[in-house]
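Following the hints, put chains S, Y and G in place on chain C, whose structure we already have.
Residue numbers (the numbering used here), protein chains in the order written: chain C, 8 to 345; chain S, 8 to 345; chain Y, 8 to 345; chain G, 8 to 345.
To be clear, the hints were calculated from the coordinates, so they are not data collected in a lab. All of these numbers come straight from a predicted model, not from anything done at the bench. All residues carry an ideal CB built from backbone N, CA and C; glycine is no exception. Among the clues, some could well be false.
Residues of chain Y placed beyond 10 Å of chain C at every Cβ, according to the derived structure [claimed, not checked]:
1) Leu97
2) Ala137
3) Gly234
4) Thr262
Pair ranges (Cβ atoms, derived) [what the hints assert, rightly or not]:
5) G:Pro329 with C:Met152: 35 to 41 Å
6) G:Asp75 with Y:Glu264: 51 to 57 Å
7) S:Arg105 with C:Arg324: 52 to 58 Å
8) G:Gly323 with S:Leu19: 53 to 59 Å
Protein chains: 4
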Amino acid sequence: MGSIFCGHLSRLVPGAELAAVADPVPGLAERTAAEHGVAHAFVNYRDLLSMADLEAVIIATPASTHADVIEDAARAGRAIFCEKPLALSLEQCDRAIRAVEGAGIPFQIGHMRRFDAGYARARRLIEEGAIGEPVTFKAVGRDPMMPRLDYARPEVSGGLIVDMAIHDFDIGRWLMRSEVTRVFTEGGTLVFDELNTVGDFDNAVINLKFASGALGNVEVSRNALYGYDIRTEVLGSKGAVMIGRFRQTPVLLLTGEGVGYDVVPYITERFGDAYLAEVRHFVRMVQRLEEPGPSIYDGRAGTEIALAATRSYREGRPVTLPLAAAVARDAESTRTPQ
Amino acid sequence: MGSIFCGHLSRLVPGAELAAVADPVPGLAERTAAEHGVAHAFVNYRDLLSMADLEAVIIATPASTHADVIEDAARAGRAIFCEKPLALSLEQCDRAIRAVEGAGIPFQIGHMRRFDAGYARARRLIEEGAIGEPVTFKAVGRDPMMPRLDYARPEVSGGLIVDMAIHDFDIGRWLMRSEVTRVFTEGGTLVFDELNTVGDFDNAVINLKFASGALGNVEVSRNALYGYDIRTEVLGSKGAVMIGRFRQTPVLLLTGEGVGYDVVPYITERFGDAYLAEVRHFVRMVQRLEEPGPSIYDGRAGTEIALAATRSYREGRPVTLPLAAAVARDAESTRTPQ
Amino acid sequence: MGSIFCGHLSRLVPGAELAAVADPVPGLAERTAAEHGVAHAFVNYRDLLSMADLEAVIIATPASTHADVIEDAARAGRAIFCEKPLALSLEQCDRAIRAVEGAGIPFQIGHMRRFDAGYARARRLIEEGAIGEPVTFKAVGRDPMMPRLDYARPEVSGGLIVDMAIHDFDIGRWLMRSEVTRVFTEGGTLVFDELNTVGDFDNAVINLKFASGALGNVEVSRNALYGYDIRTEVLGSKGAVMIGRFRQTPVLLLTGEGVGYDVVPYITERFGDAYLAEVRHFVRMVQRLEEPGPSIYDGRAGTEIALAATRSYREGRPVTLPLAAAVARDAESTRTPQ
Amino acid sequence: MGSIFCGHLSRLVPGAELAAVADPVPGLAERTAAEHGVAHAFVNYRDLLSMADLEAVIIATPASTHADVIEDAARAGRAIFCEKPLALSLEQCDRAIRAVEGAGIPFQIGHMRRFDAGYARARRLIEEGAIGEPVTFKAVGRDPMMPRLDYARPEVSGGLIVDMAIHDFDIGRWLMRSEVTRVFTEGGTLVFDELNTVGDFDNAVINLKFASGALGNVEVSRNALYGYDIRTEVLGSKGAVMIGRFRQTPVLLLTGEGVGYDVVPYITERFGDAYLAEVRHFVRMVQRLEEPGPSIYDGRAGTEIALAATRSYREGRPVTLPLAAAVARDAESTRTPQ
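Extracted from the complex, chain C is given alone in its bound form (with noise of 0.2 Å):
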């Protein structure tokens, strides 16, 4: 991902100049600005925090890693950027929050899914009512392959549904524009057995609870063998709207043996105008020239209902989130644009 943000910022983003990179990987930091000529390149970050006249990070370490960083960064006053998820605990969000609130600075979630032109369309048309009252939520993320074990570890990724379907929970309640209150999960290791040994797993489905007395199933899985899978869709009281295909290029062959046609490999095929968007606001709402984008709310709310699915998974039970007073807080969250 810092590989990409690198390409966009040094080529593609209007009013962007990317100044140094950092990388703690030995020459890698090199590699990269040399490659994207960039001027400055460190191993340590808080080098390139320290640098004058640098106006934002975006931050694409390991979840593991983020809530240390954005504390550094918020330290150093610079606006944010960080990929999702935001952290993989409430403790990392909340001590994130913190540094941010007390900092003042602009901050965006890397919830890219928001600023693709399907899911965009679809948040429209669900605000101008074309659905009527949404009723039921609907969320297919599958991925076309195993990741590698030590990305896999919960401690590294958060496991299979921090890493996954916090894409799908965003969406949810950004499409649905209402809290998610309960969740319970069935999962299992179906497929790749390796899993286990790192302690994620392969496949879950997850049933939803909105506070507006919505529903929602989202299904992750990492066994798409034919391609990268992401189909949405939200049933209202007067229609409903879906999001989604698999098919990548426009051909159709047909022969004796059938009608068949290729699909989206992976995520930057399905999502690269999304990630590059993404960034172009990141850097007009920095400008002061638009409204911010997925906050560090939004980001908080979806490692909150992930962490609640994967414990409800782990013990078998529906699992109720505390909404209380994030429901207040994050009201306008799920209201704002993007």
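For chains S, Y and G alone, kept in the frame of chain C given last:
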């Protein structure tokens, strides 16, 4: 349904001769008999059962009466086709099973989706290993309208889940080739408040756990105001199969407002061929030309899951199914061709 | 086709009683009659025509015999349904027309596509002005296999264009509500060289000019080895309508090889309902319960275009249709409901 | 187009440095140069051509000026990328060819569809034999609006067929791997009467005959008011390949009115990636890192077919192309990768 079966039996089912019709509503049996050129009409179905030379009966009475009628028909030694659901309680199911087992008569439950060309092809593909091991079962079953209130009441139709999701539970057992061992339901009355007055509700999402370890989720809704929407998919270890469509005619209209097509209005448009095929199968099974189709044990299994899922909704907790015996006994039924 | 009509008439057409079957092949009429429970079977169709109490006949003989059989049936005063094409020459067409006009009997030509739900809906949309004024008519008609050589010969079936494109010409006249005034054909024997031995060919693209000024192009092919592929579209001044599909079951299989689905194998799978609907319409028309459907003049018009398009292919030049009289006379037929 | 190319070259094409812009409209070159951070701006393109250190030029002037500008650029020894069509007459084409051949410079014509992922995949599938021998080429090219009248006039844009169908002719030659030898056009001004005032028209269907014996039909229209609709298919001896889509976002809206989706509005939404890819290819070709793409001979061939098809429309007769020499010379160009 009774009228549809009459139409099929009187004209479209080779080898069948429709001998008589019974209906407790005064005059209705006569009218139906006249319409389809049937010689005999009765108010009391027991008079029909006592006819000489009667080989088989089709039961399309209210679900609450199924067990009683099955007992009487079994006692009379008639082969039985019974509409779904088998009954509204496990006690009734077991009473029906004892009667059928005691009489040693052929029996088929009206799970017509197994006879739909799409579902049948999906089952073949799965049996052939096209998607590897089944991992996750997903089903959407949406009706385009609220049912009549007198039908919606749980003591008549069984309520939302028994009435509608039973089709999905049966197809799930059949495609996944495994029994359901745990269910958890989120639901609510979100659109048609009147349903509350008779103790029914209009939307549910039901998580499933299968004996094989596989997962599932079934959504049922009464408010797909756009049409009748039945879709099913099975994700496997090597691929996936998706069954269903909601498009009616193969006509696209393209104007300045966008592209549009129409939607299947309701169940007879979508499953008309399957309703005919299941009766043809039943007749050939009675003639010993065909293996048995969905059995009385399939009928019980679907009812048991539906009752458990309804209880889960009422009690807000996962419900485990007491399947020790059932799994052993039904093992075969989920593995037979239909 | 005769056998299909027998099946429909003996069981599926309210108000019709199938009285007799005739077939010159020794024994075949008896066999067909037995199969469908018909009382009378003849070798010579004239014996059938002389039966008392016969109201109507369906002619499904080879096209080269249509005119003769129509003359005999008209003389006998029977209402006539005749399979397409009406005949293989305009002289034969006009002979048939004179006989039918002279006898004053009901007549319907077997242009079944007008009875397909998709084409019927397209016609309604166009009549309602949904696409503005029709501008361009496009049709693809592809068969999945080479016909038998004895059938392919032009003196039997009329050859590629008369045999296949006549459906598209009729639907073109019906949807565009205008007569064809000029045709130009490119064609060739590109796959099945054997067709050359009997004077037929396997592929053609036919440009059309309509009296209204509108344009058209019809493609016919015998080598769609992937299945039966019939698609039609009309572009109008305000939009377009597209009719057709080649997908068979609503099943998608998704694997590492891509996504695939199956294709409608042939005409009875695609147009089975339309074949039944056209016979039902004919019977109700004979009973004076329904307006006339596609007329003998429609049959002549389709044949005339097909013959002109075949001549264009042979001579490598555009062929203008002598339509002065035809346009006047047929004006109504392209504007009637079916 | 010039502005699009500036945007690409200034930011998105590795290895390219945009040195100067020229535009005869006073002030426009300066404005464009400022917008894209380009150092030099000229009113007279000859001043640009005389710059030192200039390696290549992109010509996006009106088609009527292409030949002159190519001659000047070739004389200056610059590699040339020229927008389609190559020119508006064969005399101009041949003048341009002589200049380019004489100077021995790299040249690429702007047939961007060859760089679209869908068309490129179709070409690979055909080369791999997936559909057997190509038999019939079909193309639909529909614009969503009438062009400005001053652009529509044949002496500026070449008129409907030269302006639009040239893309389809090029893709047809490329996918069929054969030259066009005969064309026949039906056309008319059916929607936008104003076009008659400048000698243009709005709809055409063009039959094609290829040297291989294969057939084709190309439809072009200016009145697809529903959106930009580009579809192509090739039927082969063993299957078919279809390329294209008109759907924009992957969003379905389902309501009581039916199901609807949106349509690609115009060319930059559909072919934006291809426009970028062709310029990247040109730059790499100049750097000798890539084989030549569509050549000046491809440019001439497309123009020749378009001029013949326009003549056919005017004269109401098939027009044969004098291809003896061209077939020999261009044989290779239809067989090279792009």
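Provide an ascending list of the numbers of those earlier hints which the structure does not satisfy. 3, 4, 5 and 7
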